[in-house]
Amino acid sequence: MRRALGALAHYWPIAAVFVGWDLWVVLNGYTTVVAPRPGLVLADIAAEPGAYAGDLLRTLLTSLVGLVLGMGVGILAAIAVWSSAAVSGVVTPAALVLRSVPVTAMIPVIARVAGYGDSSILLIIVVVSFFPAFVLTVSGLAATPAAGRDLFGVLGAGRLRTLVRLQLPHAVPHVMVAFRLTAPSAVLAALLAEYLVGTGGLGHLFSTARSYMELERAWGTALLATVVSVLVFVLARGAERRVGARFS
Amino acid sequence: MSAAARRAALATTGVLVLLAGAEAVGRAGIAGPSWPPLSEVAAHLLDADRRATVVRAASATLASAAEGLLAGVLVAAAAAFTGLLLPPLRPGLDRLAALLHAVPVIALAPLLITTVGREATPTVVAGLGAGFVMFVAFSSGLSLGGRRSTHDDVFDALGANRVRRLLRLQLPASVPTVLDGLTLAAPAAVLGATIGEWFGAPRGLGVLIVSAMQNFQVTLLWSAAACATALSLAAYGLTTALQRAAVRRMA
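Residue numbers (this note's numbering), protein chains in the order written: chain A, 62 to 309; chain B, 947 to 1197.
Treat the hints as calculated values from the structure; they're not laboratory data. Note that beta-carbon positions come from the ideal geometry of N, C-alpha and C, so glycine has one too. Possibly wrong hints are sitting among the right ones.
Covered by chain A, according to a simulated footprint, are these stretches of chain B (three or more residues, beta-carbon under 8 angstroms) [stated by the list, open to error]: (1) 960–966; (2) 982–990; (3) 1096–1103; (4) 1153–1159; (5) 1175–1183.
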């Protein structure tokens, strides 16, 4: 009983969303063509999980691969420019400008340039994941305490050893912050790109369900997309906390 | 040269190199016909007739984003204040704040089209995007999580009630965090407005970008994308300036 009350205290907003959604549909007198009730949407997911599973996996996998690739390239680029204050001073503001390009403007441009298709979707996620990792790794490398650098200098450590043994471990929490910030944006970018130019994935399932007026399917996809995105965020936040505690 | 001047010079060089690189790629045609030289994009924006289309779309997007931002801030503030005045709701609101951060607004946009209509969708999506961020900022600024300071003890000892504590202590103390959130919420509102427009709004940069992509109007596509970027940068720049000024004043 006490446990149930504790769960209610923490999770009442989720119940409130479903109740509010149901009330909103019923009170406005919406037919299923306008907005289906939550029960119908959940029933559609429960009745045909196979219709969702493939696209769900595809979106997850694309987001994950793109996220890892983009962050990897971002970290390598940050290490490459870090060695020179002048180079990183030149590159970082440009990266900040590119980071401000709204993903809704970036997707159509990349899709037009790189072609409609799955490789473009991956490229879009890589680009979206690159900038936060790059910017935060540069700042992490720069934030190494001077005392540590002095110690390594006195002990005669070379640049490479200082980088590997001191500065990279120091940048790890910054990289994890980038991971937490980027993970939901990578999923959002994947969904948007799939919606516009994809041949599969939740975004594509959503656009086809909408054009065939399969409203339960469309809302079910939206619901799953939300769940996936929230799960990815919660996992990323957990990873950030665990790794951050280990490294600081 | 002072450190600040040096930094500004390096930054300007970086942006110029970026622009020159994009121009060179366009001229050489390395990336194909869909990557125009930036000078052509600039020419598109300088031509009065062609600029008018982009400006009309940009002002529609700006209006949606600004209205959405305002509504998002107000609703987020109201929700956070409710949490402060009704403590039993707090653990749930705290968790809600973390989750809302991750909700993909794309999932909501097309559903809104059928319910609130094509005209209003960009504003509502902008409001949701900005509101989610602002709710996180308000709840951490007002420390809904329950951290207490010595000031709280003083207010306790002097017998302040919840409303007075909110007005005199928690609200002023939350200003820097809330403005920090605003620097994220303003670009999020621009993004939200363009997402809302993607799904069939009658006007706006999002519509223009998608239709230019589909109709192979390359310079129009790049002009509209550049405009959206400028809006997003301006939103970030203005709110950052506001935040810095407030932090200087409060410190």
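Okay, the hints, checked on the actual structure:
no.	hint	result
1	960–966	holds (count 4)
2	982–990	violated (count 0)
3	1096–1103	violated (count 0)
4	1153–1159	holds (count 4)
5	1175–1183	holds (count 4)
Consistency note: the structure conflicts with the earlier hints numbered 2 and 3.
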